[in-house]
Amino acid sequence: MTISLGQLAVRFGCTLKGDADLTVSSIAPLTTAEAGSITFLANPKLRKHLSETRATAVILDAQSADACRQAALISTNPHATFARVATVLYPVPVASPGIHASAVVHPSASIDATASIGPQCVIEADVVVGPRVVVGPGCIVMSGSRIGADTHLLARVTFCARVIIGERCWFYPGSVVGGDGFGFAHERRAWIKVPQVGTVIIGDDVEVGSNTTIDRGAIEDTIIEHGVKLDNLIQVGHNVRIGEHTAIAGCVGISGSSTIGKRCMIGGQSGIAGHLAICDDVVLTGKSMVVSDIRKPGFYSSGMPVEEAASFRKNVARFRQLDKLARTVQRLAGHHGSDDAKENE
Amino acid sequence: MTISLGQLAVRFGCTLKGDADLTVSSIAPLTTAEAGSITFLANPKLRKHLSETRATAVILDAQSADACRQAALISTNPHATFARVATVLYPVPVASPGIHASAVVHPSASIDATASIGPQCVIEADVVVGPRVVVGPGCIVMSGSRIGADTHLLARVTFCARVIIGERCWFYPGSVVGGDGFGFAHERRAWIKVPQVGTVIIGDDVEVGSNTTIDRGAIEDTIIEHGVKLDNLIQVGHNVRIGEHTAIAGCVGISGSSTIGKRCMIGGQSGIAGHLAICDDVVLTGKSMVVSDIRKPGFYSSGMPVEEAASFRKNVARFRQLDKLARTVQRLAGHHGSDDAKENE
Amino acid sequence: MTISLGQLAVRFGCTLKGDADLTVSSIAPLTTAEAGSITFLANPKLRKHLSETRATAVILDAQSADACRQAALISTNPHATFARVATVLYPVPVASPGIHASAVVHPSASIDATASIGPQCVIEADVVVGPRVVVGPGCIVMSGSRIGADTHLLARVTFCARVIIGERCWFYPGSVVGGDGFGFAHERRAWIKVPQVGTVIIGDDVEVGSNTTIDRGAIEDTIIEHGVKLDNLIQVGHNVRIGEHTAIAGCVGISGSSTIGKRCMIGGQSGIAGHLAICDDVVLTGKSMVVSDIRKPGFYSSGMPVEEAASFRKNVARFRQLDKLARTVQRLAGHHGSDDAKENE
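Protein chains in written order, with numbering that gives the first Met the number 0: chain R, 0 to 344; chain Y, 0 to 344; chain L, 0 to 344.
Quick caveat, the hints were computed from the structure, so don't treat them as lab data.
Careful: at least some of the hints might be erroneous.
[As the list claims (entries may be wrong)] Each computed EDC-like pair below joins lysine to aspartate or glutamate, with the alpha-carbon atoms no more than 16 Å apart:
id : chain 1 : residue 1 : chain 2 : residue 2
1  : L       : K313      : R       : D322
2  : Y       : K192      : L       : D149
3  : R       : K192      : Y       : D149
4  : Y       : K192      : L       : E306
5  : L       : K295      : R       : E307
6  : Y       : K295      : L       : D203
7  : R       : K16       : R       : D65
8  : L       : K323      : R       : D65
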């Protein structure tokens, strides 16, 4: 796809600085871009690299425009505009509507005429597939599930029975929606399975990464609200609710019945215990562990960064004596009068 | 499925308080239950909610019965009884016996006449599939594997060659049993693969969650004993042995050749290093890391819970000086006499 | 496969101690080996077990040879020689060349005549499959991908569009190469997807474990160099580069745009933040978290090992007061003169 800067400026409401007839056909990073490509500058710290770029055009904000010798599309949010421009330059290939001959589709399934069902798929009874949905190769949609318009299952996605999926979602390979939650009753030192009779309800514009798993509810439902973005290899337990526009990085685990607010950002490998609530607008840095409610928006951490192994080992040994050490310090502080002593009570 | 309280009381050995002819057809949470549903009360702290419930009946223990104005099924283990009642109300759909036309089954495979092989499956040479086994859509069972009676592969499960699976197990989508262990020899700064010639042996009543992976043994076998429950996205390394009725939450990693005892409970995202042993009846809380044997039953932890990022950063900076700090405290305590000094030796 | 010790000695350049006509047909662990098997001794600490072994032969180094009463193959690297011997004794089953009737192969795909495409596979347009490649059952190779000679996809592997795979690689079930990276622009408190237009380039002799995911680059490519070994359930973000012969254990997460050097060893469940660089020859122990560049080879750690839960809780409570405690100690040290005080500045 090739497009002129003038067309892009009009389409995305940017101020154009430079020749409207210049055309671009690819995106590229600021410093390695070549002629014919368009790049962007969102981080003012990188402004010094503007002079190096050979891109035909740069998407940037007004403050950076003067420093740019190439053509520029001036936007209040260069990163978002860049995302939109890239979407124009790299359109998602259109899948041909219809059902591939090798797919196994139950006669009771309702497949919109504009939807595409790829090779080796299985669509079970009573499934409803909406307009322009693309079910890529090797996907399995179990009985009674419903998929909203324009949703895309890239390949080898599994939807278990009765899940409800919104519009314009993307699911990546190996993702599983609606497996049974981890619910067992204890009896005589063994476990009895508790049937998981809820389902999963996913809103619109949700993205679910490769090999991410979202369990169905035990009695009630697991709910993923509009605009949630889930990276790869995330585990979402039964009865979890994730609020609108929350983004969760890879390898996060969310235990059953916890609620995460809207617009949160959860760092990679974080773990959230069960039956707790995190309010809106919380940011967890990587490898955080949450074991009780978070009621105040803000940044939270518990991931310990590496140090050299030898010194870490020594510090860990001291950590294991920390309570004792603190009591010693309190005693010592007591010898020196109440001010120091109080500090560590 | 609709069933009377009288039938349930007889079937599960409960004392019935109320009208034996009342019927229930669904399960529901205590506080949101409606007429026609049955719920349960296992945690005495929730007893105050008994008065609110509109469930037709509540499964509870004798101590809670007086506080219940609805019909009640009195059980010594309400959660376990609830699990059994729910299993009656929500029977697993029966799969039709036989092999779907789209499945590819090697002629040397032995498929019991009562087993069901779903669409798009691949069953390789010399596989043995027992009575009433359900192999859901898109599963792959590689050569020489054996699946015990009544085991259920929900969908898109992979069994690699020669694995041995017990009876009444459940496998969820994306689970992989018998991939090669991570075994390499080091030579001239590169890696040479060590063939993984053992297999995986899984006992009866085991549950394996979505996208969980269990590697085959290097020389000997990886063994999962009866009644083990594995949640989603768990990694079980080669030659691991997991004892009976141990339950492991999501995202746990178990390195090669480690042994976990019976009736352990391993919290989510815990990591267990290789070549170590954990005894029976150990509980690891979430995000624990085990790097040496645990020889005493009990609770163990190492997951650090979040605090606000700014204060966490300060505390981490101090942690990195902890050995030095402790030595200073020892010196200071020395100035004050032997009692304090001894404390921190 | 049965082979004589004489043949093995010649083939792998070992000194043979014992009867060259003795034959072996299996591998076994040192202490449980039976006649007919070959075992190895790499760790001198296990030398005391040499006298117990009933293996027909032991692969060991010159220092251990005298202690061995069985036949011995003397090698400078017994583990590597053992790997090679095992590869001879347990050859990978040869797949028949050709395309299974149930596979769906696009007419524009180029499949080498010596390659094998298994049942239920999907090979899309313009894919190139090299000589002796084995694509096991249920694999999906999306449009434009290229697979180098002798590479093996065990089963149910997914390659998304346009990925480039080297020679002699192994991919295990559920692995996904080339899913979209986690790239979004923020706008008005929601997320806009940034098209991920790069790809994944994988070198030769790479191993990718079950359910591991490798995302395609955002603009440039994700690169896995020759000889890299990835265990199960690893997440590799977009634009990551992993250097030659680096080995990464299970459940590791690597965020976008980070670079890992050559010959690194990354312990299980480690997490590496985005946009950073780790130099060559770094070892991270299990559960490490890296949030800034590592510029010096060596061992690094941050995983805290478990202790009993009760004492851990107390120590964590003190950790949260650690900055305050350290300040108290500084003050106390000040009372005692400058030497102590300086220590903790």
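How the hints compare with the structure:
1. L/K313 to R/D322: Holds, at about 6 Å.
2. Y/K192 to L/D149: Holds, at roughly 15 Å.
3. R/K192 to Y/D149: Satisfied, since the Cα-Cα distance of roughly 15 Å is no more than 16 Å.
4. Y/K192 to L/E306: Measuring from Cα to Cα gives roughly 36 Å; hence the hint is violated.
5. L/K295 to R/E307: holds (10 Å)
6. Y/K295 to L/D203: Violated: Y/K295 and L/D203 sit about 46 Å apart, past 16 Å.
7. R/K16 to R/D65: holds (10 Å)
8. L/K323 to R/D65: violated (48 Å)
Violated hints for the displayed structure, listed by number in ascending order: 4, 6 and 8.
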